[in-house]
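**Q** Residues per chain are reported as follows:
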Amino acid sequence: MTSLLDVENLRVTFPTRSGSFEAVRGISFSLGRERLGIVGESGSGKSMTGRAILKLIRKPGIVTADRMQMGGTDLLTASEREMRRIRGRHASMIMQDPKFSLNPVMTVGSQITEALLTHEKLSRAEARKRAVAMLDAVAIRDPERVMSLYPHEVSGGMGQRIMIAMMLIPNPEILIADEPTSALDVSVQLQVLEIMDKLVTDRGMGLIFISHDLNLVSNFCDRILIMYAGRIVEVCQAGKLHEAKHPYTIGLLNSVPDLEHPRPRLDALQRDPAWREAPSVSALT
Amino acid sequence: MSAIEIRDLSVYFGEGAEQMRAVKSANFTVAEGESFGLVGESGSGKSTVLRAIAGLVDSWTGEMSVLGTPLGRKRAPAFFKQVQMVFQDPYASLHPRHTVDRVLGEVLKLHGFSDIDARIDRLLDDVGLGKGFRFRYPHQLSGGQRQRVAIARALAPEPRIVLLDEPTSALDVSVQAEILNLLSDLRAERGLTYLMVSHDLGVIGHMCDRIAVMQHGEIVELLDVEKMRALQAEHAYTRHLLDSSIRSVREIS
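In order, the protein sequences belong to chains A and B. Going by this note's numbering, 64 is the number at position 64 of the first sequence; the sequence numbering is gapless. Going by this note's numbering, 205 is the number at position 205 of the second sequence; the sequence numbering is gapless.
Covered stretches of chain A, going by a simulated chain B footprint (3 or more residues, C-beta under 8 Å): (1) 182-189; (2) 256-262; (3) 266-280.
Worth flagging that the hints you see were computed from the coordinates, not collected in a lab. Where is the CB? At the ideal position from N, CA and C, for every residue including glycine.
Kindly generate the complete structure, drawing on both the sequences and the hints.
**A** In structure tokens form, the structure reads like this:
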């Protein structure tokens, strides 16, 4: 399998008054034309990993790696100018909350066409036509009307579908979705995920799906990386999650209340200090 | 005598043509010692019901009574000795410049307790934090620890009813498990009555005996937890909610 992205020994460090803090501590993984899930608790470094790939970590944060290769580009040496070309065109990112990631003073239409016009040479009329078609593809009814709305005039689920449309319109090869549905209601969640899943599969893209919800990820991904304290503790094939061996993975699975299998008490996760020290599992293929 | 009785409750927001009915003629009764759940999507009015009971919203019509006492527009101090509330976001519900000691001490003083010092230590023990946390500020605590402080604050006046507004939705699943276990233990020890709001059917199914399902401000169905677990819902919307929640848990293989 040709990989779209290879990352070796990635570290994200933040200097603090009491020494440096490593949010990501030497992880390696590759992404092919597949759906890769990254799961962990808050503070496990999963979002930092997603941001580091697009070099979106602000100073004073430091990103280091032995290798970070996206297609033909070496991300480590790429200039900010080159990164701007890569973001959107080759890899784009969907953030958690549409309320904070859409521009509140631009209409939906101008935001989507802007994403397209940045990367392609085409007329405004043509861009508009493509944007309407894209909104239609993310199952938005009456896309012509939605084009002229402002973000505060749409619901959360619609906002997230607009984000997906905006991120997919320049046709990137890699989509990074950071908790794309955590801010949405359960019933809307599935709809948004199904749309994203379908578009990603149809276009043969690579998807990195970052989430804290192990069960959700297992439904929508082919391969899952489980992160703990900045390292990968286990790599699982999605269908074989029940065969997971690491006590942390098992603990996470057992701490979710299950409607169909009620238990008098939920299993609280007993954290072992050794997990933190164990070397990171490689997820290179 | 039932712990909470709600008859024909409607809650309004806004005025004139802009007026909107957030809760439409809700009826339900919570028995003493029971754990009752309200589920629904955002905007369904579930939190508004809780806020109306707590006296945080006064634009309502209908009848509400708590432990046999009818509720008016204003809440008497005695009401807060019986009913306390835990809020959703532990990051927003604690004063950032007050220590845990001050947060708990203030509540105890307001409720006229004299042995405040001993009570603070005991409350912290009860919620599994211990004395070591007494002089910390909220920013020195994790999300789960803050929610434990919020629970300790709610328990301070020794209430009989606790209103829980999405108490674990801002927490990781592993921390959620600890908090839910703590809430179950406290209810068993003290014979508390819970009225819990959540969008997560798994959590509601784990914590509650009976459930009311809300949609667009109306209670569309009341059902027992056994029925919910067996997926025997009558109303189409409840079935849709159950289906979404089961599908996001079960593997599509």
